[in-house]
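Engineer: Given next are the chains, with one letter for each unit.
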Amino acid sequence: MNEEQVWLDEARQGDKAAFGKLIEAYQTPVYNLAYRMLNNAGEAEEAAQEAFIRAYTRLDSYDPAHKFSTWMLSITSNYCIDIIRKRRALLLSIDEPLPPHPALMSDNSKGPEAQVVMNEQQEMVQALLSELPEDYRETVVLRYWYDLSYEEIAEMMDTTVSAIKSRLFRARRLLAEVGQANGLVTMNDSMVLTAVS
Amino acid sequence: MEHEETYLLMMDALDGELAEDGRIKLEAHLRACPPCLQEWQAIMVVHTLLQTTPALSPAVDFAQRTFARLPNRRVRIWTMAAIYALLLLGGVLPILLGVWLAFVLGPVLSEPTILSSISQSIGHALQVMGTVVAALLAGLGEMIVQQPAIVGWLLVLLGIISIWGGVSRQLIFQPAPQQIS
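Those sequence lines, one after another, are chains G and Z.
Reminder that position 168 of the first sequence reads as 168 in the working numbering, one-by-one numbering, no gaps.
Reminder that position 1 of the second sequence reads as 1 in the working numbering, one-by-one numbering, no gaps.
Warning: the hint list may mix true and false statements.
Stated by the list, open to error - Pairs of lysine to aspartate or glutamate, EDC-like flavour, derived with a Cα cap of 20 Å: (1) G:Lys165 with Z:Asp61; (2) Z:Lys25 with Z:Asp61; (3) G:Lys16 with Z:Asp61; (4) G:Lys165 with Z:Glu4; (5) G:Lys67 with Z:Glu2; (6) G:Lys165 with Z:Asp15; (7) G:Lys21 with G:Glu50; (8) G:Lys165 with Z:Glu17.
Claimed, not checked - Taking CB as the label site, the calculated pair distances span: (9) Z:Asn72 with G:Tyr62: 12 to 20 Å; (10) Z:Gln64 with G:Lys67: 53 to 61 Å; (11) G:Glu46 with Z:Gln51: 23 to 31 Å; (12) Z:Leu96 with G:Glu3: 47 to 55 Å.
By construction, these hints were calculated from the structure, which means they are not laboratory data.
We treat Cβ as the ideally placed atom computed from N, Cα and C, and that holds for glycine.
Could you build all of it, start to finish, from the sequences and the hints given here?
Structural biologist: This is the structure we're talking about:
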């Protein structure tokens, strides 16, 4: 039995400290997913916290046959989609200026130039993601940041593998289209052909 | 080669699942088709951008603050156990009571005189209820005749509440998005 399973068993019996260790282990993936989906630091933090609370209160429904990370990410993405729908219901536009993620403003571990470049990259990625419908965005985020297989993503999103492939395919083309429109394309032909192989 | 086939090869290439013959086909097509090459360029740039963008971490005290918000699971477990026990007792107790009463009172209640008095009592109770309901309906009828404006306003209010209920439900509960396949 690995460390994570021990924590899960203890947490299931009501040991908050054991679940605290799971929070520490999964805080970055859960928060990152929430931020990529919601594009707002405050909402992302609230969503990530709520996802952990939901997971803790629903631990009995967790099936150990599946990965805990997948279950946790599934709770997070479902909660984020609920928020996006409520946001839409309140007629708020996601295009309005949003506060940047704190990590985009200060990070002492990198030099100032590298930090600026990284901030620009993060902003560019968020701008691109915000152009996608939420189900496409979710698919892209799960595929690129969590390296989940098509089967895992399909299971999380309660759909078929072919639907996920199709979504990712359309999302990539849509992102490429937006990237082209924003002058993002800078590779030369030889680089591109090398990338094929 | 058709463009659609090219797109499929592109996706395989991005997923690292492109076989040798597919790679040769794709390269050949990209060299011969400038629009596809341009699209592949754009897709590759976005793909690389996404692949190289690190995950964002929450604030340093995130785990601590989340931990502080966790409910007490032990209390919850005991509360749920108590509720289930009560529900179980609430369901089982009346059955046990009914069986016990049937055994104790069964022989007494089956006496013909007692049975006829019980049926008479039920008949009287139904008569009383009928009188009360008839009086209430008569009163309501009189009010409708004498105060039509009040009744009209009540109907209008009910209509408004029902319409706004529908509108708010539409605003708050959006229909689930259709799966795109």
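Engineer: Hint by hint, say whether it matches the structure.
Structural biologist: Structure-based check of each hint:
A distance of roughly 37 Å separates the Cα atoms of lysine 165 of chain G and aspartate 61 of chain Z; the hinted pair therefore is violated under the 20 Å criterion. Among the hinted pairs, lysine 25 of chain Z with aspartate 61 of chain Z is inconsistent with the structure: their alpha-carbon atoms are about 52 Å apart, more than 20 Å. Restraint check for lysine 16 of chain G and aspartate 61 of chain Z: satisfied, since their Cα atoms lie roughly 17 Å apart, inside the 20 Å limit. Under the criterion of a C-alpha separation no larger than 20 Å, the hint pairing lysine 165 of chain G with glutamate 4 of chain Z is consistent with the structure, at around 14 Å.
For the hint pairing lysine 67 of chain G with glutamate 2 of chain Z, the CA-to-CA distance comes to about 40 Å; that exceeds 20 Å, so the pair is violated. Proximity of lysine 165 of chain G to aspartate 15 of chain Z is assessed by CA-CA distance (about 11 Å); at most 20 Å being required, the pair is judged to hold. The straight-line distance between the Cα atoms of lysine 21 of chain G and glutamate 50 of chain G is roughly 16 Å, inside the 20 Å bound, and the hint therefore holds. Among the hinted pairs, lysine 165 of chain G with glutamate 17 of chain Z is consistent with the structure: their alpha-carbon atoms are about 13 Å apart, no more than 20 Å.
Roughly 19 Å separates the CB atoms of asparagine 72 of chain Z and tyrosine 62 of chain G, a value that falls within the hinted 12 to 20 Å. A C-beta distance of roughly 25 Å is found between glutamine 64 of chain Z and lysine 67 of chain G, which places it outside the suggested range of 53 to 61 Å. The hinted window of 23 to 31 Å between glutamate 46 of chain G and glutamine 51 of chain Z holds, with their beta carbons roughly 28 Å apart. One distance hint, 47 to 55 Å for the beta-carbon pair leucine 96 of chain Z and glutamate 3 of chain G, holds here, with the actual separation near 49 Å.
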